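**Q** Each chain, written out:
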Amino acid sequence: MSRALRLLPIIFIVWVLGTFAWKLIQPSDTTIRSQLVNRDVPAFELPAALPGSPPLRSDDLATGEPRLLNLFASWCVPCIAEAPVLEDLQRRGVKIDGIAIRDTPSAVAAFFDRHGNPYVRIGSDRNSSVQLAMGSVGVPETFIIDGKGVIRFQHIGPIKPEDVPGIMARLEQVR
Amino acid sequence: MRLFAALALILATPLLAQSNMPPSYWAYRQLPDARQEAQAQALMQELRCLVCQGQSIADSDAELAGDMRDLVRRRIAAGEKPGEIRAWLIDRYGDWVSYRPSAAPIAWPLWAAPIVLLLFGAAMVAGRLKRTRS
Numbered sequence: 000m001s002r003a004l005r006l007l008p009i010i011f012i013v014w015v016l017g018t019f020a021w022k023l024i025q026p027s028d029t030t031i032r033s034q035l036v037n038r039d040v041p042a043f044e045l046p047a048a049l050p051g052s053p054p055l056r057s058d059d060l061a062t063g064e065p066r067l068l069n070l071f072a073s074w075c076v077p078c079i080a081e082a083p084v085l086e087d088l089q090r091r092g093v094k095i096d097g098i099a100i101r102d103t104p105s106a107v108a109a110f111f112d113r114h115g116n117p118y119v120r121i122g123s124d125r126n127s128s129v130q131l132a133m134g135s136v137g138v139p140e141t142f143i144i145d146g147k148g149v150i151r152f153q154h155i156g157p158i159k160p161e162d163v164p165g166i167m168a169r170l171e172q173v174r
Numbered sequence: 000m001r002l003f004a005a006l007a008l009i010l011a012t013p014l015l016a017q018s019n020m021p022p023s024y025w026a027y028r029q030l031p032d033a034r035q036e037a038q039a040q041a042l043m044q045e046l047r048c049l050v051c052q053g054q055s056i057a058d059s060d061a062e063l064a065g066d067m068r069d070l071v072r073r074r075i076a077a078g079e080k081p082g083e084i085r086a087w088l089i090d091r092y093g094d095w096v097s098y099r100p101s102a103a104p105i106a107w108p109l110w111a112a113p114i115v116l117l118l119f120g121a122a123m124v125a126g127r128l129k130r131t132r133s
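Note that the protein sequences, when read in sequence, are chains A and B. So for the first sequence, numbering that gives the first Met the number 0 puts the first residue at 0; every next one is plus one. So for the second sequence, numbering that gives the first Met the number 0 puts the first residue at 0; every next one is plus one.
Calculated from the structure, these hints are not laboratory results. There may be inaccurate statements among the hints.
[As the list claims (entries may be wrong)] Distance condition first, Cα-Cα at most 25 angstroms in a straight line; then the derived SDA-like pairs of lysine to any residue:
| # | chain 1 | residue 1 | chain 2 | residue 2 |
| --- | --- | --- | --- | --- |
| 1 | A | Lys147 | A | Pro164 |
| 2 | A | Lys22 | B | Lys80 |
| 3 | B | Lys80 | A | Ser33 |
| 4 | A | Lys22 | B | Lys129 |
| 5 | B | Lys80 | A | Ala42 |
| 6 | A | Lys22 | B | Leu128 |
| 7 | A | Lys22 | A | Pro41 |
| 8 | B | Lys129 | A | Arg2 |
| 9 | A | Lys159 | A | Leu35 |
| 10 | A | Lys22 | B | Arg99 |
| 11 | A | Lys22 | B | Ala103 |
| 12 | A | Lys22 | B | Tyr98 |
| 13 | A | Lys147 | B | Lys80 |
All of these numbers come straight from a predicted model, not from anything done at the bench.
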């Protein structure tokens with residue numbers, strides 16, 4: 000056996016150990032992103048989250064102009080921090096639809112009394128079925144949907160004030 | 000100040016709060032048909048909980064895991080094949096949601112590794128034997 004060939008296993012082991020060490024040093028990113036970005040919104044039909052307000056169907060999202068679809072819940076603490084930012088976006092003329100995850104009409108109403116209601120339509124997803132169909136893993140999450148009803152971007156976690164310019168730019172981009 | 004800190008600690012809610020809603024119907028209920036339940040169980044053992052990512056949805060108490068079990072049992076009861084449900088979830092969340100290794104090209108080295116190592120070992124043994132004989 001030639002000398003180079005004999006070194007091969009050692010090189011291999013060093014390479015494997017090096018990979019392990021590199022992956023251990025690297026901070027792990029365990030965010031699971033939706034695979035549906037740049038694909039159509041899955042078809043769904045949700046009852047209204049508030050009595051007397053309009054329900055939300057997937058067809059309502061393809062209106063010819065881009066809009067936001069915000070997954071939230073009255074029991075979700077980061078959603079409280081996000082509420083004023085959504086209202087700011089609404090004031091800038093952004094159309095926002097909401098999906099309340101695992102929520103009751105009275106809890107949603109109480110949440111809006113305290114934190115405001117920036118939504119055009121709000122669907123109620125009582126068993127997370129639409130959330131799962133969207134490839135979403137939690138609340139709050141926001142999808143940018145273009146005028147044809149195609150998902151163009153997923154924002155995981157609350158939209159913070161510093162995220163607003165980015166969201167506005169992306170909305171303009173998909174117009 | 001200390002009192003305020005203590006109060007804040009007591010009032011603090013966990014970030015991943017759970018809702019006030021009861022678990023979905025099939026989250027903690029077995030299907031009446033034993034064969035279907037066995038199919039559902041086998042699939043749930045191989046699906047990753049999206050919230051507590053080290054666990055399967057069969058093991059996890061997260062609400063979303065309960066909703067995923069509900070989805071799996073509901074679809075199995077409706078006659079869907081486990082492979083179709085797995086494919087539906089992979090289509091939304093990527094390969095990572097399934098614990099079963101896929102046959103995608105990126106996994107080929109993994110499948111080939113045992114064969115390569117066996118061949119390498121055989122070559123080494125052959126070399127050794129030849130040397131001792133001569």
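**Q** Hint by hint, note whether the structure agrees.
**A** Tested hints:
A hinted pair counts as satisfied when its Cα atoms are at most 25 angstroms apart, and Lys147 of chain A with Pro164 of chain A qualifies at roughly 23 angstroms. The hinted pair formed by Lys22 of chain A and Lys80 of chain B fails the criterion: a straight-line CA distance of about 36 angstroms is larger than 25 angstroms. With a C-alpha separation of about 23 angstroms, the suggested pairing of Lys80 of chain B with Ser33 of chain A holds against the 25 angstroms cut-off. This hinted pair does not check out: Lys22 of chain A and Lys129 of chain B have alpha carbons roughly 41 angstroms apart, beyond 25 angstroms.
The hinted pair formed by Lys80 of chain B and Ala42 of chain A meets the criterion: a straight-line CA distance of about 21 angstroms does not exceed 25 angstroms. A hinted pair counts as satisfied when its Cα atoms are at most 25 angstroms apart, and Lys22 of chain A with Leu128 of chain B does not qualify at roughly 39 angstroms. Restraint check for Lys22 of chain A and Pro41 of chain A: the C-alpha separation of about 35 angstroms exceeds 25 angstroms, so the hint is violated. For the proposed pair Lys129 of chain B and Arg2 of chain A, the alpha carbon gap of about 18 angstroms is at most 25 angstroms, so the pair holds.
Distance check on the hinted pair: Lys159 of chain A and Leu35 of chain A sit about 23 angstroms apart at the alpha-carbon level, within 25 angstroms; holds. This hinted pair checks out: Lys22 of chain A and Arg99 of chain B have alpha carbons roughly 22 angstroms apart, not beyond 25 angstroms. With a C-alpha separation of about 22 angstroms, the suggested pairing of Lys22 of chain A with Ala103 of chain B holds against the 25 angstroms cut-off. Between the alpha carbons of Lys22 of chain A and Tyr98 of chain B the distance comes to roughly 20 angstroms, so the proposed pair stays at or under 25 angstroms and holds.
For the hint linking Lys147 of chain A to Lys80 of chain B, the alpha-carbon distance of about 32 angstroms lies beyond 25 angstroms, and the restraint is violated.
Of the hints listed earlier, those the structure fails to meet are numbers 2, 4, 6, 7, 13, in rising order.
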